[in-house]
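The primary structure of each chain is shown beneath.
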Amino acid sequence: MVYLTRKAEFSASHYYHNPALSPEENQRLFGKCNNSNGHGHNYTLEVTVRGKVDPRSGFVVDLKQLKDIMHREVLDALDHRFLNKEIPEFSKLIPTTENLAITIWQRLAPKLNAAELHRVRVYETPDLFVDVYGEEA
Amino acid sequence: MKAHLTRRYMFSSSHRLHANDMPDDWNRDTYGKCNNPHGHGHNYHLEVTVSGPVDVATGMVCNLVDLDSYVREHVIDRYDIQNLNALPEFADEVPTTENLCIEVFEILQRSIRRAHLEKVRLEETMMNSFEYAGGAEPRH
Chain A
1 MVYLTRKAEF SASHYYHNPA LSPEENQRLF GKCNNSNGHG HNYTLEVTVR
51 GKVDPRSGFV VDLKQLKDIM HREVLDALDH RFLNKEIPEF SKLIPTTENL
101 AITIWQRLAP KLNAAELHRV RVYETPDLFV DVYGEEA
Chain B
138 MKAHLTRRYM FSSSHRLHAN DMPDDWNRDT YGKCNNPHGH GHNYHLEVTV
188 SGPVDVATGM VCNLVDLDSY VREHVIDRYD IQNLNALPEF ADEVPTTENL
238 CIEVFEILQR SIRRAHLEKV RLEETMMNSF EYAGGAEPRH
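Chains as they are written, first to last, in my numbering: chain A, 1 to 137; chain B, 138 to 277.
Rather than coming from a laboratory, the hints here were simulated on the basis of the structure. It is possible that part of the hints are untrue.
What the hints assert, rightly or not - Straight-line C-alpha distance at most 30 angstroms; calculated BS3-like pairs for lysine-lysine:
hint, chain 1, residue 1, chain 2, residue 2
1, B, Lys170, A, Lys92
2, A, Lys111, A, Lys32
3, A, Lys92, A, Lys111
4, A, Lys92, A, Lys32
5, A, Lys64, A, Lys52
6, A, Lys85, A, Lys32
7, A, Lys67, A, Lys85
8, A, Lys111, A, Lys67
9, A, Lys7, A, Lys64
10, A, Lys85, B, Lys170
11, A, Lys32, A, Lys64
12, B, Lys139, A, Lys7
13, A, Lys92, A, Lys7
14, B, Lys139, A, Lys32
15, B, Lys139, A, Lys67
16, A, Lys111, A, Lys85
17, A, Lys52, B, Lys139
18, A, Lys52, A, Lys67
19, B, Lys139, A, Lys111
20, A, Lys67, A, Lys92
21, A, Lys7, A, Lys67
Build out the structure end to end from the sequences listed, making use of the hints.
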């Protein structure tokens with residue numbers, strides 16, 4: 001089994017707010033991330049797929065195809081967007097790095113057929129990142 | 138879906154690799170220049186990974202402010218700008234980065250309650266890094 005990782009970047013804005021909670025509780029939980037005007041990050045995305053090396057092509061996956069899927073399903077949708085206002089998943093979910101990684105997994109997993117999605121890693125900053133591995137046993 | 142959140146920190150410490158119960162020539166052979174009697178230092182980069190389900194109310198695995206303040210108080214403040222050999226946990230144990238990594242994991246495990254402490258990764262230099270998951274296999 002060989003693991004292949006493709007990296008990409010996108011820039012987006014967000015803020016953290018739970019409408020079920022009071023303004024004071026939101027402020028206490030989320031601090032300055034609660035500012036409804038939003039703030040932004042340069043996110044780095046790493047997508048890792050796993051599979052056997054095809055004896056003919058020598059590939060685990062055609063990198064061009066993987067790149068195209070990442071662009072179509074994730075980067076074109078999220079880059080230079082306000083996550084809370086423009087991305088349907090975040091009309092109900094708080095766009096934390098955790099939920100962003102899960103959302104990206106859910107967008108990519110059904111579209112990959114040649115290789116199996118192993119891990120989605122999202123860096124919000126170089127000091128903070130989240131990994132998801134799908135539904136874990 | 139479970140999420141694994143990793144936070145990076147930095148601290149700087151000095152150490153000398155020397156086993157007190159072994160002869161000097163064994164120490165010199167085993168640890169080479171790390172056995173220099175005056176010690177030497179590193180900028181350690183620490184990665185703490187916690188995992189768990191995402192809390193619906195907060196969208197988080199664990200409160201980052203709480204994690205940061207605990208790591209700062211119990212790990213960074215303890216080791217930053219210190220000589221590791223002078224600390225009680227390294228009185229009888231060689232302060233290799235392997236042992237430091239285990240020590241940091243055990244400190245964190247004492248208080249991280251809401252999320253599961255998945256692993257601790259410690260970079261001694263850009264070339265060397267160590268991981269400990271409390272006896273479990275670290276996930277990659």
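* Hint consistency between lysine 32/A and lysine 64/A [alpha-carbon to alpha-carbon, up to 30 angstroms] -> 40 angstroms, violated
* Asked: CA of lysine 85/A to CA of lysine 170/B, is that 30 angstroms or under?
  -> With a Cα-Cα distance of about 57 angstroms, the restraint between lysine 85/A and lysine 170/B is violated, given a limit of 30 angstroms.
* Do the alpha carbons of lysine 64/A and lysine 52/A lie within 30 angstroms of each other, as the hint requires? -> This hinted pair holds, its Cα atoms lying about 18 angstroms apart.
* Within a Cα-Cα threshold of 30 angstroms, do lysine 139/B and lysine 32/A meet the stated pairing? -> This hinted pair holds, its Cα atoms lying about 26 angstroms apart.
* Asked: Are the Cα atoms of lysine 67/A and lysine 92/A separated by 30 angstroms or less?
  -> 28 angstroms, holds
* Asked: lysine 111/A and lysine 67/A: Cα distance at most 30 angstroms?
  -> With Cα atoms ~12 angstroms apart, lysine 111/A and lysine 67/A stay inside 30 angstroms; holds.
* Asked: Taken at face value, is the distance from the CA of lysine 32/A to the CA of lysine 111/A at most 30 angstroms?
  -> 36 angstroms, violated
* **Distance restraint between lysine 67/A and lysine 85/A, which requires alpha-carbon spacing of 30 angstroms or less** => 26 angstroms, holds
* Hinted pair lysine 7/A and lysine 67/A, Cα distance within 30 angstroms -> 9 angstroms, holds
* To do: Verify the proposed pairing of lysine 85/A with lysine 32/A, using a straight-line Cα cut of 30 angstroms.
  => It holds: about 18 angstroms lies between the C-alpha atoms, which stays within 30 angstroms.
* Below or equal to 30 angstroms on CA atoms is what counts here, so check lysine 92/A against lysine 111/A. => 23 angstroms, holds
* Starting from lysine 92/A, check that the Cα of lysine 32/A is at most 30 angstroms away, please. => 20 angstroms, holds
Hint violations for this structure: numbers 1, 2, 10 and 11, all remaining hints satisfied.
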